[in-house]
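There are 2 protein chains.
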Amino acid sequence: MTQVRTVRATVEYDGAGFQGFQRQRSSRTVQGVLETAVRAATGDDETVAGAGRTDSGVHALGQVIAFRTQSRLDDGTLLRALNAHLPADVAIRDLATAAPGFDPRRDATVRVYEYRIEQRPVRPVLDRTRAWHVGKTLDLARMRSAAAVMVGSHDFDAFTAGAQVSTRREVFALEVWREASTILIRIAANAFLYRMVRRIVTTLVRAGRCEIDAADVTALLTPAARSQIRGTAPAHGLTLLRVEYPNVESRYNRQRMTQAVRS
Amino acid sequence: MTQVRTVRATVEYDGAGFQGFQRQRSSRTVQGVLETAVRAATGDDETVAGAGRTDSGVHALGQVIAFRTQSRLDDGTLLRALNAHLPADVAIRDLATAAPGFDPRRDATVRVYEYRIEQRPVRPVLDRTRAWHVGKTLDLARMRSAAAVMVGSHDFDAFTAGAQVSTRREVFALEVWREASTILIRIAANAFLYRMVRRIVTTLVRAGRCEIDAADVTALLTPAARSQIRGTAPAHGLTLLRVEYPNVESRYNRQRMTQAVRS
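Top to bottom, those sequences are chains A and B.
Throughout the first sequence, residue numbering follows the working numbering, covering -2 to 260 in sequence.
Throughout the second sequence, residue numbering follows the working numbering, covering -2 to 260 in sequence.
Hints are not guaranteed to be accurate.
Residues from chain A that face chain B, not an exhaustive set, calculated with beta carbons under 10 Å [claimed, not checked]:
1) Y10
2) A88
3) R90
4) L123
5) R127
6) T236
For the record, the hints were derived by calculation from the structure and aren't laboratory data.
Just so you know, even glycine gets a beta-carbon here, dropped at the ideal spot from N, CA and C.
So that you can see chain A by itself, here it is in the shape it has in the complex:
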């Protein structure tokens, strides 16, 4: 009997060369390139599911994917085989057999993104595909005050472009700090609405320019907020850092223990 298992992997990619994560008929996408590599390495024609559908230009250091396979290659060999079939701008960082039915999007409980801003008079060169260039000096204390308001469970309707059933999300952490000429913004939430991270960044930058203050942000977070965030920070400053699955690990371990007891 052919054994089918679910494989879970962590993926790094440079968003510059992709029209986003999600497969499209005539564009180069991360999902498309990964499915081609899975086919080449295993012979399986399977869908590769991702934790988040990152937009065109958005990078990832820790996107999580899953796919089903009949391959008998052990995890280490499968990782090397996939990387041998992947182009230079995407790589599998680690890979393991997952609990049957593991769904990287539905099972995720925490997503962490980082946004990079280069704040200097002249355009950056070495970080030009990794950071948003902002010429004006940003007031970090004001950015932090605005950020503090967004932490917690709020209605982020004003921060999205799409139409969602529920627009309530819980932001666990939102940190802003500086390293030389780089301003780093790191945000963790249970989930994000379409364009939500980049519109939070726009809001923080407007706060840093003293165009809005924490009270304005509070007003935007009410369900009856009449205005929408204008402007979306550029995609190339954004990186999906990691996705967390605390419950899945324990569920898988429970299953394995149950199987061990039964066998």
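Given chain A's structure and the hints, the job is docking chain B onto it.
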């Protein structure tokens, strides 16, 4: 009467798209691109001199250049005009009128380079043009012991590929540290021989792999060293961070003061 002045500028570039700094007839070089921009912005057909002739693939955050110009544009306007004529992979970071006769190579007293190593099992993606991928774990303590031996004034003949009149150079500092999966090596010296930084990196990596120890490095630094360093660390891990001119500043200020007293 047309006034000719010497302009000094700090330049950032991504080495990936250049066949090194030095002008060549049929290759894209940093010097060639800069001279084209100077011509376009000022009309002057002048040589752009650089502090260091970085190799093909080597990056710079703080290369220093100088050129003569008859342009009456003030420094800020000239900076913006040059950047408007430069491609995305090179930019002028700052610019000022220099002492007449300022020579960025001859007048430099300190050069600082940084080398980045990504030490992890799988090849890096986002830093693939900025860091050397080393799969094996490196022993940082051993790298530091080897580095300590190289600090000071030594004969670096075993560390160069070219033929130089004198192969004695003074290394002011050589630091090795880790940030997550990145190992950073920073080296400051009065000057460097051809390929010297990259062969020092090769030596440190060999020490980190326990192939050689500090005593072997000491032997390599003697004038009678019979062996040469085998292997040169890849160019794309190397970045020219900055060049220092402590005496030039004071010389220029003295000149200006003398002129002010005279006028």
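These are the hints, each one checked on the structure:
1. Given hint, A:Y10 at the interface with chain B, holds; its Cβ is 6 Å from that chain's nearest Cβ, closer than 10 Å.
2. Among the interface hints, the one on A:A88 holds; its C-beta lies about 5 Å from the nearest C-beta in chain B, closer than the 10 Å criterion.
3. Taken as an interface hint, A:R90 checks out: its beta carbon lies about 5 Å from the nearest beta carbon of chain B, inside 10 Å.
4. Annotation: A:L123 was flagged as interfacial toward chain B, and the flag holds, the nearest CB pair being 6 Å apart, inside 10 Å.
5. Look at A:R127: its Cβ gets to within about 7 Å of chain B, closer than 10 Å, so that hint holds up.
6. A least Cβ separation of about 8 Å between A:T236 and chain B falls short of the 10 Å threshold, and the interface hint therefore holds.
Violated hints for the displayed structure: none, as all numbered hints are satisfied.
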